[in-house]
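Student: Each chain, written out:
2 protein chains.
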Amino acid sequence: MHLDLSIPALQARYRAGLTPLQFVEMLHDKMCAEDAALDRNIWIRRLSLDEIRVYALALENRDMDSLPLYGIPFAIKDNIDLAGIVTTAACAEFSYLPEVSATAVQRLIDAGAIPIGKTNLDQFATGLVGTRSPYGACKNSINPAYVSGGSSAGSAVSVALGLASFSLGTDTAGSGRVPAMFNNLIGLKPSCGRIPTTGVVPACRTLDVVSIFALTAGDAASVLACAQGLDDQDAYSRTLPPHGHDFGVAPAFKFGVPRQADLAFHGNAEGPGQFAKAIAHLQALGGTPVEIDLRPFLAVAALLYDGPWVAERYQAIRSFIESQPEALHPVTLAITEKAKNISAADTFSSLYKLKALERETRKQWLDIDCMLTPTAITPYTIEAVNANPIVLNSNLGYYTNYVNLLDLAAVAVPTGFMSDAMDSMPWGVTLVAPAGKDLPLLSLAARLHAACVLSVGATEHAPHRLPQAVPSAAAFPSGLVQVAVCG
Amino acid sequence: MHLDLSIPALQARYRAGLTPLQFVEMLHDKMCAEDAALDRNIWIRRLSLDEIRVYALALENRDMDSLPLYGIPFAIKDNIDLAGIVTTAACAEFSYLPEVSATAVQRLIDAGAIPIGKTNLDQFATGLVGTRSPYGACKNSINPAYVSGGSSAGSAVSVALGLASFSLGTDTAGSGRVPAMFNNLIGLKPSCGRIPTTGVVPACRTLDVVSIFALTAGDAASVLACAQGLDDQDAYSRTLPPHGHDFGVAPAFKFGVPRQADLAFHGNAEGPGQFAKAIAHLQALGGTPVEIDLRPFLAVAALLYDGPWVAERYQAIRSFIESQPEALHPVTLAITEKAKNISAADTFSSLYKLKALERETRKQWLDIDCMLTPTAITPYTIEAVNANPIVLNSNLGYYTNYVNLLDLAAVAVPTGFMSDAMDSMPWGVTLVAPAGKDLPLLSLAARLHAACVLSVGATEHAPHRLPQAVPSAAAFPSGLVQVAVCG
Chain V
770 MHLDLSIPAL
780 QARYRAGLTP
790 LQFVEMLHDK
800 MCAEDAALDR
810 NIWIRRLSLD
820 EIRVYALALE
830 NRDMDSLPLY
840 GIPFAIKDNI
850 DLAGIVTTAA
860 CAEFSYLPEV
870 SATAVQRLID
880 AGAIPIGKTN
890 LDQFATGLVG
900 TRSPYGACKN
910 SINPAYVSGG
920 SSAGSAVSVA
930 LGLASFSLGT
940 DTAGSGRVPA
950 MFNNLIGLKP
960 SCGRIPTTGV
970 VPACRTLDVV
980 SIFALTAGDA
990 ASVLACAQGL
1000 DDQDAYSRTL
1010 PPHGHDFGVA
1020 PAFKFGVPRQ
1030 ADLAFHGNAE
1040 GPGQFAKAIA
1050 HLQALGGTPV
1060 EIDLRPFLAV
1070 AALLYDGPWV
1080 AERYQAIRSF
1090 IESQPEALHP
1100 VTLAITEKAK
1110 NISAADTFSS
1120 LYKLKALERE
1130 TRKQWLDIDC
1140 MLTPTAITPY
1150 TIEAVNANPI
1160 VLNSNLGYYT
1170 NYVNLLDLAA
1180 VAVPTGFMSD
1190 AMDSMPWGVT
1200 LVAPAGKDLP
1210 LLSLAARLHA
1220 ACVLSVGATE
1230 HAPHRLPQAV
1240 PSAAAFPSGL
1250 VQVAVCG
Chain C
770 MHLDLSIPAL
780 QARYRAGLTP
790 LQFVEMLHDK
800 MCAEDAALDR
810 NIWIRRLSLD
820 EIRVYALALE
830 NRDMDSLPLY
840 GIPFAIKDNI
850 DLAGIVTTAA
860 CAEFSYLPEV
870 SATAVQRLID
880 AGAIPIGKTN
890 LDQFATGLVG
900 TRSPYGACKN
910 SINPAYVSGG
920 SSAGSAVSVA
930 LGLASFSLGT
940 DTAGSGRVPA
950 MFNNLIGLKP
960 SCGRIPTTGV
970 VPACRTLDVV
980 SIFALTAGDA
990 ASVLACAQGL
1000 DDQDAYSRTL
1010 PPHGHDFGVA
1020 PAFKFGVPRQ
1030 ADLAFHGNAE
1040 GPGQFAKAIA
1050 HLQALGGTPV
1060 EIDLRPFLAV
1070 AALLYDGPWV
1080 AERYQAIRSF
1090 IESQPEALHP
1100 VTLAITEKAK
1110 NISAADTFSS
1120 LYKLKALERE
1130 TRKQWLDIDC
1140 MLTPTAITPY
1150 TIEAVNANPI
1160 VLNSNLGYYT
1170 NYVNLLDLAA
1180 VAVPTGFMSD
1190 AMDSMPWGVT
1200 LVAPAGKDLP
1210 LLSLAARLHA
1220 ACVLSVGATE
1230 HAPHRLPQAV
1240 PSAAAFPSGL
1250 VQVAVCG
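Sequences listed follow chains V and C, in order.
Counting with the working numbering, you get residues 770 to 1256 for the letters of the first sequence.
Counting with the working numbering, you get residues 770 to 1256 for the letters of the second sequence.
Watch out, some of these pointers could steer you wrong.
Identical copies carry no separate label here, and so any pair may be met within one copy or between two of them.
Claimed, not checked - Below, simulated EDC-like cross-link-like pairs (lysine to aspartate or glutamate); rule was C-alpha separation at most 20 Å, straight line:
| # | residue 1 | residue 2 |
| --- | --- | --- |
| 1 | K1132 | D1000 |
| 2 | K1124 | D1176 |
| 3 | K1132 | D1176 |
| 4 | K1046 | E803 |
| 5 | K1046 | E1095 |
| 6 | K1046 | D773 |
Keep in mind the hints are simulated off the structure, nothing from the lab.
Note that the structure is a prediction, hence the values are computed from the model and not measured.
Can you build the whole structure from these sequences, using the hints too?
Tutor: Encoded structure:
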């Protein structure tokens, strides 16, 4: 059974008479079948049919028109709380039973969405690979020999395999974008603070973002509209500046492209051609490429890896790691323990460097509406990552690490598949812009997506379909004032 | 000779025929006389008459109307560079000879102002007392048995004694406000990033602000207008949001007053009455007091003292303090060395707490235009501070420590003198508002100042005069759009 799970398609089915209860029963059958057949290590805790039914039943007699996500199934990364289901962060010894759902999860449920399970991740969201989990390496949806990408591993794979319409991940250094590319999905990394992180196990609290994997940019926008907004309990949540001019729907726009010298593909011979194709697509949509100097961005990325932010990961689980270090995945432990030797003075020194680099990058935004980069240099096999877990993981963050430190928003967009030589793995690019410009990015992502691809997710499991345009922008005030001039 | 050094008064003299050269010769005579008579330890390096003459001569044949600070003498705290004069930060072993002036200093010179000397300070701007200097404790301008306040000690005293029209200080935790109160002056602590800190010896780079001591709020506004503005070399300099509604000139406004339980005067029996008088003055000007909860502000202040920010002071002089610890003032060394034991994880933990407290304070700003507090709890004698240097210093920051951490602007305003029982020392209050609202604060400060006092500075040395209103706001765009409705 191939259900089209995109939000408008599924809602059309509901309008035609399908009930949420009927639907979740079908979906549950499909999940059971996939589990048996595929063994991708997607779930840490899939909800039982009875547990899912509770949410479906709650929608009976509700007005579909007042619930923008009526009956839409979604998966939740297992570092985000769902009331009544254990949160593990991929560490059983750390796990706890939350009484209330994360703010973002609750807002989605309130909008009619149906949670279906808690997904596997790189332990404590530390990683971009999806292999650093005691629940097994999460396998790629397109080709199980490859990594899923991480840390939001199962969240991406579940959507790509057609088990959920969308999913929540988290994205501190690229965890919501790298898995999107590797699984042929849209990956929205919203502006920092746009979606509250209340009820999320912190990785780096100053940088953590709840991210959205979706089949289309339009679906991502619909989910964002429901999940976003200030939360008194999260001091890092914020009201963002209005997005201003919507370059995403403009007939002409300018997009930054890194200088040739700053592009890296780490031996992926098809990367340059794939990236050139994406540039050509944007040009065909009215975009003018502008060469930008990626070096200050890359210097920021280096700060993330060598700088003090790992101490946030340490601080987040400080009493746990001090009492039960043996409970951690060995790679996660090795990374996190490095934080012990970083001083406050070192920390401020890095904050100064970041501030100076941010100032350098700011000038470049004056010339462009958004920036285009590859999402990741290349997909890796699980075997390759296991052989060299730290270095290959670092490589994957080349184009993603700097984004949150610089307070940018980003959308990962699938743009096609590589050749047999690259095992027909998907390729993707990321559109990046300053905080607040989520909607223009999604609008442009929708157009680029539609121009590039005829399939979404793992094509043998999810439906072939054309992406939709981003829906009404009512939830995203532009800040532009409409002036009527009368004379 | 009592010269009225306020900017409009001195400029009137220039228009009447006085030349800058004539003026600086008179001023130099006065400085020499004060030096001999008073021995206040104001200067670390007063400029020679020849050195001052260079600046005065440079004004010959210049158009007065194009130079807003034409011929205006100013003093510079000796942690701010003046080209060609050694900067010590009150540590001779640390000193260096700058080739260029600090951005703020150069902008003032470019506007016609004349530097007259480098002033004494608490070493490395670490202190609120003015006694922590190997150049001698700076003595109060009103009563030399009392501390000048610090760390911008000599900057305040030089203006109060009528030796400069205004001076530059720095203010990280209160160093531009406490000395203003103790010397009966206006002390402007501008919004963070408004005046660049390029060419300033850092204390806490994330919090440091160049401050202005002036005879009137109008003078402070004139100096700010010349010194403010982005500087590419200072990543922390910034363009601030427009100030919006100017509550400082509005016929009605609301001002926050701390709950009785949060007020502290540490045994100063006259403090409550003095503060009540200031409240009554603001009410008479159209203000409605609104009780606010100062506890989250005070919790932020506690973070500054016990938290990681001292590591910024350590980082600022790291190689120096590691190689020549014996060169530091013993109190400064003891404070700064504590930073060694603070970790990156502790640092982030404090940043989280600050963020949460900032969120708590933000709600209170919804109800008020500005906040009124005492500037400091009470003046202390030099003898008392020497007997208990750490605790009494901390006490002085009770109402000032939280301001920069919360990204607020502040103006200290003299409001009168205490009785003989308090040695007729001056009293003062501080007006505080969110970043960007410097001009409304100065406008209100001018009105409060005019309502309260008939003298400025040390009354036996500086002229008795009425404060002026804040001049034209052209340099401070409000961000309000003027709409003409035609029908």
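Student: Taking the hints in turn, state whether each one holds.
Tutor: Do the hints match the structure? See the list:
no.: 1; hint: K1132 to D1000; in the structure: between (32 Å within a copy, 13 Å between copies)
no.: 2; hint: K1124 to D1176; in the structure: both (11 Å within a copy, 16 Å between copies)
no.: 3; hint: K1132 to D1176; in the structure: within (14 Å within a copy, 24 Å between copies)
no.: 4; hint: K1046 to E803; in the structure: neither (34 Å within a copy, 77 Å between copies)
no.: 5; hint: K1046 to E1095; in the structure: neither (47 Å within a copy, 64 Å between copies)
no.: 6; hint: K1046 to D773; in the structure: neither (28 Å within a copy, 72 Å between copies)
The structure is inconsistent with the numbered hints 4, 5, 6, although it conforms to all the rest.
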